[in-house]
Amino acid sequence: MATIVGAITTSHVPAIGGAIAKKLHQDPYWQPFFAGYPPAREWLAKARPDVVVAFYNDHGLQFFLDKMPTFAVGAAPEYRHADEGWGIPTVAPFRGDPELSWHVIERLIAEEFDLTTCQEMLVDHAFTVPMSLLWPDVDAWPVRVVPIAINTVQYPFPSPARCFRLGQAVGRALEAWDRDVRVLVLGTGGLSHQLDGERAGFINKAFDQMCMEKLVAEPEALTRYSTVDIIREAGVQGVEFVMWLAARGALTGTVARVHASYHIPISNTAAGLLVMENRPRGAAESRAAA
Amino acid sequence: MKVTQAWHGIPGTTIFDGVQARKGYALNKMCYSFNSAENRAAFLADEDAYCAKFGLTPEQREAVRERNVLKLIAAGGNVYYLAKLAGIFHLDVQDLGAQQTGMTKEAFKAKLVEQGR
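Residue numbers (the numbering used here), protein chains in the order written: chain A, 560 to 849; chain B, 173 to 289.
Looking at chain A on its own, in the form it has when it is part of the complex (with noise of 0.2 Å):
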């Protein structure tokens, strides 16, 4: 049986990928923003995952509105990003996992999710920036992955309490995969931002913060929120918290947080980052003593 070792929220900025690229880490600007990641590639050293199961969303690299899947599921053999017009430098292809995304397309399919399977899916820089946060420096990615595309570009956009449930049934699939795999739920966007319309700039920082506590034990008070609500409390592209609540939605057991990280701004947005550790119901003490 597969473990779910947890999952891991954060932002995805496309800047975060030059001020990579630029080794800016240390730049005063940049600085408070990455020294919230450390402590995430800790944890990551110690949870060890073979596989990364990614809830992102397509900003107009691999859909189009020609065809707009609400829910994309990978099915390749690997995953490449590639230009994405305004100049984020790409990274190296990712290996995937075609059996396991199989798996997960004929358990969510089986459970009424009604996806868009993808034997060929490039991936943007919602998928790419939070892995090279994630394992900055390596030649090679150390996982497979497995990426899963929620459409918040054509509303109407699944709602919230939709995204978390399709999570839940994700980490149903997962529990029942039978190999000796463990695998990391990654869930990417957010948090507070809108850049476009004269509301340009809107960032809350009280209601982002009301989310990252309430999402680690109570989310469910956060699916009662509509889009619409999201938007007007959250700004328009804030509404990538469905990941979040995707990725959370996936974590079958005790969910205990980690680390959390916030910090405002970086370009438009607030910057979040929260690992999440799952740990099986009733056996949170072994695990401790292992």
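Heads up, none of these hints are tricks.
Taking lysine to aspartate or glutamate and the DMTMM-like style, the derived pairs with C-alpha atoms no more than 25 Å apart in a straight line are:
(1) Lys281(B) with Glu757(A)
(2) Lys581(A) with Glu278(B)
(3) Lys225(B) with Asp642(A)
(4) Lys626(A) with Glu665(A)
(5) Lys277(B) with Asp586(A)
Quick look at which bits of chain A chain B covers, simulated, 3 or more residues with Cβ under 8 Å:
(6) 633 to 646
(7) 712 to 722
(8) 782 to 794
Hints listed in this document are in silico derivations from the structure and should not be mistaken for laboratory results.
Backbone N, C-alpha and C fix where the C-beta goes; we use that ideal spot for every residue, glycine too.
Add chain B to chain A, keeping to what the hints say.
Below, chain B without anything else, positioned relative to chain A:
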């Protein structure tokens, strides 16, 4: 800030719904093409011809000519695709934010920092 879409009532905000997606299709399709360096070069070489190839409406063509983000959004543009157009002119999302709010870039950045306090 005025409300531009009655159905949600959030001021200064255009949610990219089906109405916008239909209105903006040609504009967004052109912007999506800018994932390719070759297409970005073709746009710079002959902007009129490139816009004509994608069948932009007069409103969209005017908004592109003026590099006016609010007009581009009113014409159906989605900010994720528009960012690829802006990238051609080396404008980042803070340049876009400053233009849309009528602020200098420095003032816009200061407003962002202020919200963290």
